[in-house]
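Just so you know, the protein sequences line up as chains G and P, in that order.
Letter 183 of the first sequence, counting from 1, is numbered 183 in my numbering, and no numbers are missing.
Letter 138 of the second sequence, counting from 1, is numbered 138 in my numbering, and no numbers are missing.
Calculated directly from the structure, the hints in this document are not laboratory data.
Just so you know, these numbers come straight off a predicted model, no measurement behind them.
Careful: at least some of the hints might be erroneous.
Stated by the list, open to error - Pulled a few chain G residues facing chain P out of the computed Cβ check, cut under 10 Å: (1) 79; (2) 115; (3) 236; (4) 284; (5) 295.
Claimed, not checked - Pairwise CB distance ranges (calculated): (6) G:455 x P:661: 24 to 30 Å; (7) P:696 x G:29: 50 to 56 Å; (8) P:695 x G:74: 58 to 64 Å; (9) G:491 x P:661: 53 to 59 Å; (10) G:476 x P:668: 28 to 34 Å; (11) P:808 x G:425: 57 to 63 Å.
Don't be surprised by glycine CBs; every beta carbon is placed ideally from N, CA and C.
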Amino acid sequence: MKTGLYLSISPLLVVALGGALLMLAEAFSHHREEHESRSAGPSSELALGTAITLFTGAIFAAAVWFVGPEKLDGSQDLAPWLIIDRFTLFFAFTICVGGGLASLLAGGYLPEHRIDRGEFYPLLTFSSVGAIILAAAGDVLTLFLGLEIMSLGVYALTGFRRGSARSTEASMKYFLLGSFAAALLLYGAALIYGATGHTDLAGIRAALVAGNLNYGLVLIAVTLMIVGLAFKISAVPFHMWTPDAYEGAPTPATSFMAVVVKSAAFATMLRVLLVAFGQPELSSWGAGWPPIIATLAVLTMTVANLIAGRQESVKRMLAYSSIAHAGYILVGVTTTMRLHEDGQASVMFYLLAYTVSTIGAFGALILCGSRGAEAVSYEDLSGLGKRHPAVALVFSLFLLSLAGVPPTAGFFGKLYIVKGAIGAGLYPLSVILLLNSVLGAYYYLRVLVFMYMREPAPGAPFARPMKSGYVTSALVLAAVAVVALGLFPTTSLEVAVRAALAP
Amino acid sequence: MEALKSQFPAANFSLLAVVLLLPLLGAFVNGIFGKRLGKQGVRLMALSAIGGSFLASLLTFLMLPRGEAAEEGGHLAWNAWHWFTITGKMQQAIPIDVSFAIDGLNATMMLVVTGVGFLIHLYSSEYMWKDEGYHRFFAYLNLFCFSMLVLIMADNLALLFVGWEGVGMCSYLLIGFWFGETKNASAGRKAFIVNRIGDFGLLVAMSMLVYYLGTLRFSSIDLAATNLSVPVKIWPIGNLSADTLPSFVAAVILPKEPVMVYASTLVGLALFLGCAGKSAQLPLYIWLPDAMAGPTPVSALIHAATMVTAGVYLVARMGAVFILSPAAMATVAVVGAATALFAASIGLFQHDLKKVLAYSTVSQLGFMFIGVGMGAFASGFFHVFTHAFFKACLFLGAGSVIHAMHVRIHDTDKSQDMRNMGGLRKYLPITHATFLISCLSIAGVPPLAGFWSKDEILWKAFSNEIAAPRTVNGLVPWAWPTWLGVAIYWVGIVAATMTAFYMFRAYFLTFHGDFKGWTIVRGWTDPHAGHGHDDHHDAPHDDVKGDGPEPHESPLAMTIPLMVLAAFALLAGFLNAELIHVAPLGHLLEGVFKADEVAVHERAAAHGKEMMMLVPGILAFVAGIGAAAYVYLQNKGAQETAFAKSFPRLYKLIYDKWRIDELYEATVIGMVDALADIFQMADTWIVDGILAKLSAAIVGAAGTVLRAFQTGKVQAYSASMVIGLAGVGWFLVRPHAVTSIDDTKLKQTGEVVVSAAPGFGYSYNWAGPGLAPTSDFSATREITIPLQPGDKKDVVLQVKNAFNGVDTQTITVARPGKKAAAPTPGANPMDDLAPGGKVVIPGDKIPDLLRGLHQ
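With the hints as constraints, model all of the structure from the sequences given.
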């Protein structure tokens, strides 16, 4: 019985046990059924419980980070299945924060829109467990396990609005394409095992370095695994499911997908690329994965930004915006080939900044609308700045952060990535990223234009903000984080640098 | 007193906090809670804040070091906090602190600001009583006093600049106090813009001081100022070298030699630009007359007694810099003299009582600049001091008159028009008496205050000359011509004559003759009672010739300040009456200006003529007052009408203020407008039209096309994924021959290293000159190629991957330079590098290679 082991995986344990307890609580609760009064539905107790569970997980992750997992006896006992290092803990923290904020959003959203059923919360919690496992996985088997635990929950969350054809369709599409991608990933893992005889990432690398194996098989396996991972981060051209799924899902689930799923997928992408495929031949700018990732980055940024500018629905615009951000992060992933620590740190910082900004933006969108008067199109937001200055102000803050306006978190996220790209000599990539930020600014600022400079046409419907302590508190937390990361970016960047995977 | 001195030691004189914070507190309380406090509360807060500040200033004044300590430059200092640090030319840290230093000069200023300030607050508390924005007014006024105190108490230019901008801001707020009327708002805007030009000068001066002296503290500037005596090269149109321009253009517009000037001259002129903006000197005076759109007490406090004299204060404060440059001093004096004359001439025929006073202020400021420009810092400052009393008194008197006119005339312009006044002596006895005293004072009638200060300045202008500083690096400093002082003296005499004339013209028109405002009917009541003062619009009953009540004297709160100020206008001259050797103020200032006045000498020719040169001064006011009395008292303005008839254009030109505003409108503003139009056109057509619209259209179209792929069909989605998968696979399955060239050793060994990018399962085959031909693929990723100067070699790389695919790339490496017949062993390969030799190597390494070669 090693306490060190349990301490080191405590973030995972806290969230998993919390999820189980929440499920029990839900099963025996008096508030099982949807209720007329918003304060009497399942959300009334479960939302807070989920948030507390996940934030506790975040606190544990931070605590273990500060103690240092290497000091905990037995923390490596689960390696290579689960690797508890600072990298894992950083992502566990980000995942828990994102999940906690999303559950707070759900606490306001579900009752308001009459889909208040308790299973949302355990699903969200277990999905977060899968995400943490994914971030910690040092073996393709646990990787796949984590991916499926995470994904299954998210498929269900996407289709949570049972009565809505759109929601069900989105869920179905996501499930079909997700299975396709998972199959590719699994197939790649199988080929790798066939070529190297290893399923653990470090072992795969050792075998690749040693050489004398079937090179063609490995290259095909690399192709399949990259595509499987690119699907999860919704890189173009594997992104097609994203707008539909994001739009069809209830907004808190959308925000969960946009931040938690993406963070976990990036964590595992970094680990696979840098640990398993990190030897010079595969990470070469000439013929390895970096040119592929760079191409995906360029495609993802450009296509997503171009389409986002043509959207009329704000939620769909945010969906495309989250794809575009994946493109920016892929630039950061590319830079890791030359700037090992700094490249990873820029990705991690960006993900943290992106998590709070995106949750904030979706949350503000939730807050802008109430049942029957939702904020869907840009026009619905007309004049919001005058009618509800506080709501419009926080919405603007998050959008400015997403657009990368100083001194918000998003600005420094982009700054570090561009800095990394320049440091790694990838000048064209950094230029394309900056041009794309300009495209992005267009559609983010368009929301501000509607909120502050337009009046709703007479008789046209306009959004009426809802009232919810949950959503408000989530927005306050996210806004504080956005501003704090913008004012003191270096502290969290140093944390990210220390969390980087060893070469 | 001893207890106080131990409580507040001279080196940490925190009593200054009281002086500063009371007005700030007043501004805060009145600004935030003013509406809830009610008018009585606001009045109490404002008056006690400024009154308390005055008492603290008085204590400060009394605690100033006296006697020898003062002569040695002793002062009271208080360092509130360290503000920030900048880095100087030599990488040294230059601390910029929020710290204050009080000597005789600014202690006197503090008394004026808080003392006159208190009187004007008291006056305003009655004058503004009916105004809606009562609390706002006092918040601004208190804030102004705070900023003005920061300005004069600061011990460094950076902090002074904070106060400088603060008073500017309060001034704009108060000029536009009744912003409902366009005229007032645009007057505020005009003041703002003109002052920006001046601020630019001040900022330039500050940066140059940081550059040359590495300090902004006045005390350190005084010590280090001589370091400014260095010649500076100036190329009038930038540092364009001849080859950037066509030679015939360059020959015409580019000077062969740079202009050499002393840094001290540049700093002095830049400082003076700032001073000219704030103190309304030519050519930046145009904002001040318009600034009279603000409430009359504001004109008295800000635009006559305190803020506008800040420029004079700054020149006096920076005397150590100015004295190094006779050219800068002469500029100050000449601009001052020109302004004095010019503004006085405009004042001759104005009908608006406040306009007369405004131009008189501009003119008097000119006199002050004559004083400081002629090296008579104490005399110039003394005029600041006396002017504060008589001009504040005149403005407040004018306010009292307007107050009286307001019982019947509510239109601002009409109530200030002297043609509607006359005979007010009977109805406003106190206002009349105080106004008369101040008029006599400003006209320079002995022994009133204005006489002592003005004649002192004129005498100094006549007698002083500035010695040239020593020549540095062969640049001969501009020499001070002897006739300059004499010329300025005579210009001053003419301006003084005009001053006496227009002041008494105003006096006679307002207080003598018959009342022309309306027909006075005893017991008449206003059917539209309840109006405020200056703020009112053309009410329909403003028909000037109707009936109306007797104009009445203002209440005590307004007349007490008048009487106090008149008393000072009468007597303050004896504080510095050099002629009869009673000069306590002069002694107080001696220590401050002692070091600055070393370069100021009395001309030998002027020696002993002090009494003689007094005569023109006395004749000036006799002639001015006499003429005014003859024209306006005896002949009821007949000559002015006659003059206007015989020279209608000249009269109109003077009345229209020499049409300087229109001149600016046509030239500077016209040019800026034209430029703005051009930019706007470029913006509409090129930036907005072509660049923005076109790129937006392209982006939009691309978005629409891409969006069309988002069909919603899951089959299409998976097809897209398959395409992506195929693309990734295609890339990884194909071989890629990518090379990089390392030339870092080319200089030493004449070799370049060509390496192929690693690829998983790749093998390589190299072919080229000097390489053994082989058909085998090996693991050799790098080859080294020796190169002689002028050599050019082609290398062929073949790459084979795990799927037996082969990719080929040809690389050309070259080395610049002439081909050597026989390379000498051991010679530096760089020796025979031809100048301008170009290296041709494909690939992305060209910049590095070039860099490597030129190192």
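These are the hints, each one checked on the structure:
1. 79: 26 Å, violated
2. 115: At 23 Å from the nearest chain P Cβ, residue 115 of chain G fails the 10 Å test, so the hint is violated.
3. 236: 8 Å, holds
4. 284: 5 Å, holds
5. 295: Status holds, d = 8 Å.
6. G:455 x P:661: 24 to 30 Å: Distance hint for residue 455 of chain G, residue 661 of chain P is violated at roughly 41 Å.
7. P:696 x G:29: 50 to 56 Å: 53 Å, holds
8. P:695 x G:74: 58 to 64 Å: With a Cβ separation near 59 Å, residue 695 of chain P and residue 74 of chain G satisfy 58 to 64 Å, so the hint holds.
9. G:491 x P:661: 53 to 59 Å: 57 Å, holds
10. G:476 x P:668: 28 to 34 Å: 52 Å, violated
11. P:808 x G:425: 57 to 63 Å: Because 25 Å falls outside the window, the suggested range is violated.
Hints 1, 2, 6, 10 and 11 from the earlier list are contradicted by this structure; the remaining hints agree with it.
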